[in-house]
Amino acid sequence: MNDGCAQRAFLSGNEAFACGVRLAGPKVISAYPITPQTVVVERLSEMVEDGSLAAEFIHVESEHSALSCAMGACAAGVRTFTATSSQGLLYMAECLPYAAGGRFPIVMMNANRAVALPWNIYGDQSDALSQLACGWIQAYAQSAQEGLDMVLLAYYTAEHPAVRTPFMVNLDGFHLTHTYEVVDIPARADAEAFLPPFETDNRVDFDEPKNMAFSAGPGHCAVFKYKQHAAVLRARAVVAEAEERFARTFGRRYTGLVENYMTQDAEYVLVTLGAVAGLCRDVAAQLRRAGVKAGVVRIRYMRPFPDAELTAALESARAVAVLEKDISPGRAGAVFSEVLGVLAGRPALGAVGGLGGEDIAARDVHAIFDRLRAGETGVYFIGIGGVTI
Amino acid sequence: MTPTAGTIDKNEYFFGHKACAGCGGSLTVRIALKILGPRAVAVLPAGCMSAVGFNFPQLAFLNNAIISTFAGTASMMTGLEAGLRARGERDCTVVGFAGDGGTADIGLQALSGALDRGDNILYICYDNEAYMNTGVQKSGLTPFGARTTTTPAGARVRGNVREKKNMLRIVAAHGAPYAATASVGYLDDYMRKVQKAAGLRGVKYLHVLAPCPTGWGIASDETVEVAKEAVDCGLFPLYEYEGGAFRQTVAPKGGSIERHLRRQRRFQHLTDEDIAHITVRRASET
Chain A
1 MNDGCAQRAF
11 LSGNEAFACG
21 VRLAGPKVIS
31 AYPITPQTVV
41 VERLSEMVED
51 GSLAAEFIHV
61 ESEHSALSCA
71 MGACAAGVRT
81 FTATSSQGLL
91 YMAECLPYAA
101 GGRFPIVMMN
111 ANRAVALPWN
121 IYGDQSDALS
131 QLACGWIQAY
141 AQSAQEGLDM
151 VLLAYYTAEH
161 PAVRTPFMVN
171 LDGFHLTHTY
181 EVVDIPARAD
191 AEAFLPPFET
201 DNRVDFDEPK
211 NMAFSAGPGH
221 CAVFKYKQHA
231 AVLRARAVVA
241 EAEERFARTF
251 GRRYTGLVEN
261 YMTQDAEYVL
271 VTLGAVAGLC
281 RDVAAQLRRA
291 GVKAGVVRIR
301 YMRPFPDAEL
311 TAALESARAV
321 AVLEKDISPG
331 RAGAVFSEVL
341 GVLAGRPALG
351 AVGGLGGEDI
361 AARDVHAIFD
371 RLRAGETGVY
381 FIGIGGVTI
Chain W
1 MTPTAGTIDK
11 NEYFFGHKAC
21 AGCGGSLTVR
31 IALKILGPRA
41 VAVLPAGCMS
51 AVGFNFPQLA
61 FLNNAIISTF
71 AGTASMMTGL
81 EAGLRARGER
91 DCTVVGFAGD
101 GGTADIGLQA
111 LSGALDRGDN
121 ILYICYDNEA
131 YMNTGVQKSG
141 LTPFGARTTT
151 TPAGARVRGN
161 VREKKNMLRI
171 VAAHGAPYAA
181 TASVGYLDDY
191 MRKVQKAAGL
201 RGVKYLHVLA
211 PCPTGWGIAS
221 DETVEVAKEA
231 VDCGLFPLYE
241 YEGGAFRQTV
251 APKGGSIERH
261 LRRQRRFQHL
271 TDEDIAHITV
281 RRASET
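In order, the protein sequence lines correspond to chains A and W.
So the first sequence is residues 1 to 389, counted in this note's numbering.
So the second sequence is residues 1 to 286, counted in this note's numbering.
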């Protein structure tokens, strides 16, 4: 795995991700262990030890320090990486908008996991979806291959001068981090051809000293936030540019902020994200064979949010369901709330499932489509039902 | 050679800031940067010095400088040092200036992590003995008896009932290569320690007594005098920890603890018994 040549390997999501990080070549990695992220930092430690990754691995004492340290390294002008999950993401939460506001293009892997209480180490998306407003680009992979590829795409996008924004790549805990598949590992030379070296003037400079991460009062604060917002919106175009370049370099083509499946004439569309999308597509295919015009949209990026892409994909939809692994108590899942904004009042159904690692089966997805076709709206928990009070 | 008033760097690296008149913290920063020079990279967490020094567009550091999160002084220093080393930068010093709360309370975990890793950083705590930036609330380094806005002095409780944490011993217990106390009342001793620390590898820790006229209730021209007096009366001894041993670097000239305390408004409510208690504590510490 260390000879720098393209090859195929049977890898877990975490292992594939670590291979992607090695190809990106960060100079500083700071991380704190948490299940189910641990394997990615263990592999990276081994790569540093065996010399196949010329990085410094910093054993920080917490996730807060992991991201604080990464910000320091990024402010020194080098490519950095960190990884976390769940409680760790929340423990570093103060540093999330800090990194975004400081315009530090750190790439972080987040292994999506439930958030205590109750304690639960298994996969759901409550952690990352609670942090949509923190200013980071947020992408969700559905396979180990996509996870690996997203590392390179993430650095390209995050470090792009038009964007300069940190990037969180999400992998479903266990479902993706710990399951194995055959993965194409790009050659190092190709990765280097794809991903330019990290250049920034937003760094310590002894010829032109900088005061960084400063305060800005009422007169200036909004301007900086406006520029952040604009930068994340510009990431739409940069993602497209990166994917085009990626396809030319590696022969694998991605589909931008969303991935559509049979949505062209679909009347009933299920919107989801992460690894469960494959199951949703299988079910939609079965429904199609039964004459139901079903479709699936997999959201790949929650930030920037795919407003235009969803609007286009849902054009023919009579009703739309959202399947997600999180709940904002007292409202709905975060994705449902966001998708409502593009539906122009059409019926919408929110399905909350997979919380704390609960399995989502084909019958559960069939049931979502059944409810949708029956005209059901609102929010319900798979396996429990709608909330009655 | 430690510089003198005549030979010290005439450049100013920290100026045009909004610190209060007589601020001991700003003196701590100003003098250290004169010793360390333009290749120092300063990290300051939330606190007085970042609040007064980084108000866009009025940025007060001639050096490269950055505000860290409140808890993240040491961890951001670690990242900066690693990043600068990866870029091939040599002969630069990553220096942190954190207050007493930022050091002994919210930043202690990150400092402990850096000490554990042995990162090559210079950490300077400017100790004004309370959360002054937010309006004089008690920190883990507020001394016994001090009145703060969260330890009011009343009929039932006379100010802060706890002793200061001993940061020097906490740092020394981590096996740091160098740790020292200093006072803005003894700038020659402080400058020598900054210079010495900058030449060593690993985590170097300086704990600087930096009076705050606003929070202590002293006149703005009394800062240096009170900081000197605290050393001389034995309440804030100047030590150096190196090679596993402590060494006193300035012999106290003596002086009245009672006079030193009573001139500060934060201690004016203390009874004779309180002052006797503080005096006994001082004796057992030194």
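These are computed hints drawn from the structure, not numbers from a lab.
These figures come from a predicted structure and were not determined experimentally.
Treat the hints with care, since some could be wrong.
[Said to hold, decoys possible] No farther apart than 25 Å at their CA atoms in a straight line, the calculated lysine-lysine pairs in the DSS-like style are these:
#1 A/K210 x W/K10
#2 W/K10 x W/K34
#3 W/K18 x A/K210
Do the hints match the structure? See the list:
For the hint linking A/K210 to W/K10, the alpha-carbon distance of about 21 Å falls within 25 Å, and the restraint holds. For the suggested pair W/K10 and W/K34, the alpha carbons sit about 8 Å apart, so the restraint of at most 25 Å is met. Taking the CA atoms of W/K18 and A/K210, the gap is near 19 Å; set against the 25 Å cutoff, the hint holds.
Violated hints for the displayed structure: none, as all numbered hints are satisfied.
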